[in-house]
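Asker: Residue numbers (this note's numbering), protein chains in the order written: chain C, 1 to 173; chain V, 1 to 317.
These are computed hints drawn from the structure, not numbers from a lab. What you are looking at is a predicted structure, and each value in this text was computed from that prediction instead of being measured. From the three backbone atoms N, C-alpha and C, an ideal C-beta is built for every residue, glycine too. Just to be clear, a hint being listed does not mean it is correct.
[What the hints assert, rightly or not] Below, a sample of chain V positions facing chain C; criterion: calculated Cβ distance under 7 angstroms:
| no. | residue |
| --- | --- |
| 1 | Val102 |
| 2 | Phe103 |
| 3 | Asn106 |
| 4 | Ile107 |
| 5 | Ala114 |
| 6 | Ser117 |
| 7 | Leu118 |
| 8 | Val120 |
| 9 | Val124 |
| 10 | Trp128 |
| 11 | Met163 |
| 12 | Phe167 |
| 13 | Asn174 |
[Stated by the list, open to error] Listed below are the simulated SDA-like cross-link pairs for lysine to any residue, each with C-alpha atoms no more than 25 angstroms apart in a straight line:
| no. | chain 1 | residue 1 | chain 2 | residue 2 |
| --- | --- | --- | --- | --- |
| 14 | V | Lys133 | V | Leu15 |
| 15 | C | Lys85 | C | Val34 |
| 16 | V | Lys73 | C | Ala12 |
| 17 | V | Lys296 | C | Val70 |
| 18 | V | Lys59 | V | Leu15 |
| 19 | V | Lys73 | C | Met73 |
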Amino acid sequence: MTLVFYVASAIALLSTIMVVTRYNAVHALLYLVVSLISIALIFFVLGAPFIALLEVIIYAGAIMVLFLFVIMMLNLGEIAVQKEKEWLPKQMWIGPGILSGILFVLIVYTLLQGEQQWAIVEMIGPAEVGAELFGPYIIGIQLAGLMLLAGLIVATLLSKRVKFKEKTEKENK
Amino acid sequence: MNETFQHILIVFGILFGVLTLAAALIWIERRLLGLWQDRYGPNRVGPLGIFIVVADMIKIFFKEDWIPPFADKKVFVIAPTVIMFAVMMSWAVVPVAPGVVVFDVNIGILFFLAMSSLGVYSTVLAGWASNNKYSLLGGMRMSAQMFSYEVFMGLSLMGVVIMAGSFNLTEIVNAQKNMWFVVPQFLGFIIFFIAGLAESHRLPFDMPEAESELIAGFHSEYSGMKFGMFFVGEYVGVTMISAFIVTLFFGGWLGPVLPPFVWFFIKVMFFICLFILLRAAMPRPRYDQLLSYGWKILLPLALLNVLVTGGLVLAFE
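I would like the entire structure built from these sequences, with the hints used as guidance.
Answerer: Right, dumping it as structure tokens:
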């Protein structure tokens, strides 16, 4: 299981680097999907199969498809790839590279210092997740619900206003 | 060691069974369509035309496998494999008979939903990578269609999960010993059936390919075995949705007299034939009708189903 964890982590790191360095938006997105699936595998190995599959269903399966939909609507072709290349010269990578290098050193340092406690694996099934969510963390669910409701109302209003505009334009003509 | 061997046997048995069934569907579908549309269908090659399967396979293997120069090559090649991968993986959690299941986990339904949501990439990427207006339109239709129908596909199953008290498919089948879930969960069954139809993009919901408007939609540019992958993927998808309908709502392998595997097979075949009948009988709706039907009617109904089922289960406990 430790081996699976390390391989999945390596794939996650590699694919995430590929996401940032791709010029073609769709290719970057595909690597992001791979990265999300490997993170789901990490969750699975750490004893959280429920979260792992929700990660695949919601992030890899739904949100990324929505991203893909938008990218396809914009229909970015060769021109966009060229533009990306112009916007991302080699010097761009120096700053973020140094910062994330420092973070990497810090992580390695803390891992070498402390005792590894995450190795204790306990399987957490769907029922436990549900009991936690609707028990002590109920406020989070309610806040998320409020936000989604607000989003829904705004989306409905926006689509309604377009119709209203069309109507007035027709009347003016 | 013996157990490992048995497990390997189950894996290859299911793989072989599913692929054979998918190949046989080439013939079954055409014959049944012919029957329902008052014509013969394929009847020249072999008895009742059954060797049309072999003829078709030979044809598709030896056709020129052409990648258009304007396509995005890597994505173009990956796209057809994704659908095969996703639908075959879903079969891993289906219990065919007691104990005969590849991957018996306590999150079976979620695994199925995850795999079916990954299957979308196949059509969407194929549409995008073909770099062709019609294919792109097909791919976009597919992403919007799957995006809307996936939501209540998951919700419609929650009624079953509440009643069985588990995500494990074997336990769900065992919970149906007294009564099939189609009786108390009839609404859930109807919604899941419609969503499954949209998920496997079969007629009447085959907007992404809609040959009368989009040539062949997302697979216009595909030829040879790459097209074959989409073709077989679609058939495996149909068998998979039928298998899940049977497992979740019609008692899976449960049945009198005959052995469990035979019952499972009979029930699955019934739903496959229903899928084909729908293709023969239904006209294709308009694209916006499909989407507004999903969001305005099926989604509220699925939510209501979860609410009422949950309330009733709590009240009777």
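Asker: Next step is simple, just say for each hint if it's right about the structure.
Answerer: We went through each hint and held it up to the structure:
1. Val102: The hint is violated - Val102/V has no Cβ within 7 angstroms of chain C, the shortest such distance being about 16 angstroms.
2. Phe103: Since chain C brings no Cβ nearer than about 11 angstroms to Phe103/V, farther than 7 angstroms, the hint is violated.
3. Asn106: With a minimum Cβ separation of about 6 angstroms from chain C (threshold 7 angstroms), the hint on Asn106/V holds.
4. Ile107: Cβ of Ile107/V sits 5 angstroms from chain C, so the hint holds.
5. Ala114: holds (4 angstroms)
6. Ser117: holds (3 angstroms)
7. Leu118: holds (6 angstroms)
8. Val120: With Cβ-Cβ at 5 angstroms, under 7 angstroms, it holds.
9. Val124: With a minimum Cβ separation of about 6 angstroms from chain C (threshold 7 angstroms), the hint on Val124/V holds.
10. Trp128: holds (6 angstroms)
11. Met163: Hint violated; Met163/V Cβ to chain C Cβ min 15 angstroms, cut 7 angstroms.
12. Phe167: Where the cut-off is 7 angstroms and the nearest Cβ of chain C is about 6 angstroms from Phe167/V, the hint holds.
13. Asn174: violated (18 angstroms)
14. Lys133/V <-> Leu15/V: Distance of about 36 angstroms is beyond 25 angstroms: violated.
15. Lys85/C <-> Val34/C: It holds: about 23 angstroms lies between the C-alpha atoms, which stays within 25 angstroms.
16. Lys73/V <-> Ala12/C: With a Cα-Cα distance of about 24 angstroms, the restraint between Lys73/V and Ala12/C holds, given a limit of 25 angstroms.
17. Lys296/V <-> Val70/C: holds (23 angstroms)
18. Lys59/V <-> Leu15/V: Measuring from Cα to Cα gives roughly 23 angstroms; hence the hint holds.
19. Lys73/V <-> Met73/C: holds (20 angstroms)
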